[in-house]
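Asks: Protein sequence lines correspond, in order, to chains A and C.
Just so you know, the first sequence maps onto residues 1 to 229 in the working numbering.
Just so you know, the second sequence maps onto residues 1 to 208 in the working numbering.
To be clear, the hints were calculated from the coordinates, so they are not data collected in a lab.
For every residue, glycine included, the Cβ atom is placed at its ideal position computed from N, Cα and C.
Honestly, I wouldn't trust all of these hints.
[What the hints assert, rightly or not] Output of the computed footprint for chain C on chain A, the stretches with three or more beta carbons under 8 Å from beta carbons of chain C: (1) 25-36; (2) 93-107; (3) 193-200.
[To be verified] Heads up, incomplete: computed chain C residues facing chain A, CB under 7 Å, no partners named: (4) H18; (5) R154; (6) A157; (7) A200; (8) K202; (9) F205; (10) F206.
Next come the chains, spelled out residue by residue.
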Amino acid sequence: MPPDHNVDDYVDAPAPHRHGGPLRVGLGGPVGSGKTALAAALCRTLGAEYDLAVVTNDIYTTEDADFLRRNAVLPDDRIEAVQTGCCPHTAIRDDITANLDAVELLESRHPGLELVLVESGGDNLTASFSYGLVDVQVFVVDVAGGDKVPRKGGPGVTAADLLVVNKTDLAPLVGADLGVMRRDADAVRGGRPTLLVSLREDPTAAAVADWVREQVRVRGAAGADTTRA
Amino acid sequence: MTAALLTLADSRLPAGGHTHSGGVEQAIAAGVVHDPATLSAFLRRRLHTSGAVAAGLAAAACGADPTTLVRLDQEADARTPSPALRAASRQQGRGLVRVGRRAWPSPAWDDLPERPHHALALGVAAHAGGLLPRDAAAAAAYLSVSGPATAAQRLLAMDPLAVAALTARLAAEIDAVAAVDGVPAAADPLLDLLAEVHAARKDRFFAS
Ligand SMILES: Nc1nc2c(ncn2[C@@H]2O[C@H](COP(=O)(O)OP(=O)(O)O)[C@@H](O)[C@H]2O)c(=O)[nH]1
Ligand SMILES: [Mg+2]
Chain A
1 MPPDHNVDDY
11 VDAPAPHRHG
21 GPLRVGLGGP
31 VGSGKTALAA
41 ALCRTLGAEY
51 DLAVVTNDIY
61 TTEDADFLRR
71 NAVLPDDRIE
81 AVQTGCCPHT
91 AIRDDITANL
101 DAVELLESRH
111 PGLELVLVES
121 GGDNLTASFS
131 YGLVDVQVFV
141 VDVAGGDKVP
151 RKGGPGVTAA
161 DLLVVNKTDL
171 APLVGADLGV
181 MRRDADAVRG
191 GRPTLLVSLR
201 EDPTAAAVAD
211 WVREQVRVRG
221 AAGADTTRA
Chain C
1 MTAALLTLAD
11 SRLPAGGHTH
21 SGGVEQAIAA
31 GVVHDPATLS
41 AFLRRRLHTS
51 GAVAAGLAAA
61 ACGADPTTLV
71 RLDQEADART
81 PSPALRAASR
91 QQGRGLVRVG
101 RRAWPSPAWD
111 DLPERPHHAL
121 ALGVAAHAGG
131 LLPRDAAAAA
141 AYLSVSGPAT
151 AAQRLLAMDP
161 LAVAALTARL
171 AAEIDAVAAV
181 DGVPAAADPL
191 LDLLAEVHAA
201 RKDRFFAS
C-alpha cells in the first residue's frame with residue numbers, strides 16, 4: 001500500500017465533520033453498484049421533507065445527471081454535473097475544487113438548501129470522499145460483485161459512515177451469501193452501520209432515508225434557521 | 001522563497017487545475033495532437049500565446065494595488081476573446097483563491113475582483129507567499145504547459161516518461177517566456193475555436 005493510502009488515516013478519521021450550510025452527504029462506491037439509483041430514491045423520499053440538491057461526478061458524460069432529470073426526481077436547477085478530468089477519485093478526494101464550486105453554486109441558487117447529495121464518479125474499493133467536501137459518506141457496494149467484497153475491505157467499506165450493500169434481490173442468482181456479507185462487514189467496520197437493501201424491491205430506500213434523517217437531526221438541520229446569520 | 005514557488009506550481013495544489021486540459025482534450029478530438037511530437041508542438045504554441053499572456057498578467061498582478069488589479073482583469077478579458085476560455089480562466093482563478101487564502105493568508109486577496117482570471121490569482125498568491133513578480137510569471141508559464149501535458153498523458157494513455165521528458169525539454173523556453181516584459185497580446189485563434197467547440201460538448205472529461 002503506497003504511503004498516501006494508509007488505512008489508519010481513514011479508519012481513525014475523526015467524526016463529526018460539519019461544514020456550514022446544507023448537510024453534504026457523499027455517495028461513493030464502484031461503478032454500477034447503485035449510487036444513482038440511491039440518489040434518485042433519496043430525492044423521491046426526502047425531496048418533500050428537505051430543500052435538497054445533487055452533485056454528480058460522471059466519469060465521461062452527464063449520464064447520471066440526465067437520469068435524475070429524466071426521471072424528474074429533481075428540477076434541473078437542483079442538479080449540477082462536475083467534469084473530473086479523467087480522475088473521478090481525485091475530484092472527490094485530492095482536489096475537491098470542482099465539487100466545492102458545484103456545491104457553492106447550488107447554495108447560491110437555493111439559499112434555503114438543507115441537504116446536498118454528492119455522487120462520486122464510481123471508482124474501486126479505495127475511493128473515498130475527503131471530509132473537506134462532505135460531512136458524512138455512504139459507500140454503496142452490490143451483491144453481484146460477490147460476497148467477498150466486504151471482506152476485501154478498503155477505506156470505503158471499512159470507514160464510510162454508512163455501508164450500503166445493494167441488490168440483495170440478486171443474491172440467489174449470483175450465489176452470494178448475505179449472512180457472510182453482513183458478518184464480514186460488521187467485522188471490519190468497528191461498529192459503524194451497514195444496511196442490506198434492494199433498491200429494485202424498495203425504490204424509496206426507506207432504511208437509508210431514515211439514516212439520512214438521523215444525520216440531519218444529529219448534525220443539526222442545516223437550514224436557514226440554524227446555521228445562517 | 002523557492003519552496004513557495006514550488007508549492008504554487010505544484011499540480012497537486014488543490015486549486016482545480018486537474019479538471020482543465022488547457023485545450024488539449026479538444027485538440028486530441030480534432031486530431032491536432034496524437035503523439036509526443038504533436039503534443040510538444042501544441043504545448044509550445046500554447047506557451048508562446050496564452051502562456052505568455054498569463055505570465056505577463058501574473059507578474060503585473062503580483063503586488064499590484066486594487067485599481068490595477070481591476071484593470072488587469074479587464075486586460076485579461078480583452079486578450080481572451082473566447083467566452084469559454086474566459087469562463088475556464090475565472091473558474092480556475094476562483095479555485096486558486098479558495099486554496100490560496102488558506103495557504104497564504106494576506107489582505108492582498110481582498111483586493112482581487114470577484115472570480116478573477118487565473119493569472120491574477122497567481123500573481124496575488126505569489127505576492128501573498130512572499131514571492132516576486134518574476135516568480136509569478138514563472139508559475140504561470142510553467143502551468144500553461146504542465147496542465148495540458150498531464151491531460152494529454154491521461155487521454156492518450158501516453159508514456160508518462162515521454163511526457164515528462166518533453167515537458168522538461170521546454171524548460172529554457174518556459175524560462176524565456178517567464179522573463180516577459182509587460183503584458184503581451186499574443187493570440188491563437190485555433191485555441192479559441194477548440195475551446196468553443198469543446199464547451200458545447202456533453203461527452204468530455206475536462207471542464208476546458
Ligand atoms: N437487480 C437490481 N438492480 C439494481 C438495483 N439497484 C440498482 N440496480 C441497477 O443497477 C444498474 C446500475 O445502477 P446505477 O444506480 O446506475 O449505479 P451507479 O453506477 O453506482 O450509479 C442500473 O441498471 C440499475 O437499475 C437493485 O437493487 N437490484
Ligand atoms: Mg451513477
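Asks: Now look at each hint and say whether the structure bears it out.
Replies: Comparing the hints with the structure gives:
{"no.": "1", "hint": "25-36", "verdict": "violated (count 0)"}
{"no.": "2", "hint": "93-107", "verdict": "holds (count 7)"}
{"no.": "3", "hint": "193-200", "verdict": "violated (count 0)"}
{"no.": "4", "hint": "H18", "verdict": "holds (5 Å)"}
{"no.": "5", "hint": "R154", "verdict": "holds (4 Å)"}
{"no.": "6", "hint": "A157", "verdict": "violated (10 Å)"}
{"no.": "7", "hint": "A200", "verdict": "violated (13 Å)"}
{"no.": "8", "hint": "K202", "verdict": "holds (6 Å)"}
{"no.": "9", "hint": "F205", "verdict": "holds (5 Å)"}
{"no.": "10", "hint": "F206", "verdict": "holds (5 Å)"}
Hint check: violations occur at hints 1, 3, 6 and 7; the rest are consistent with the structure.
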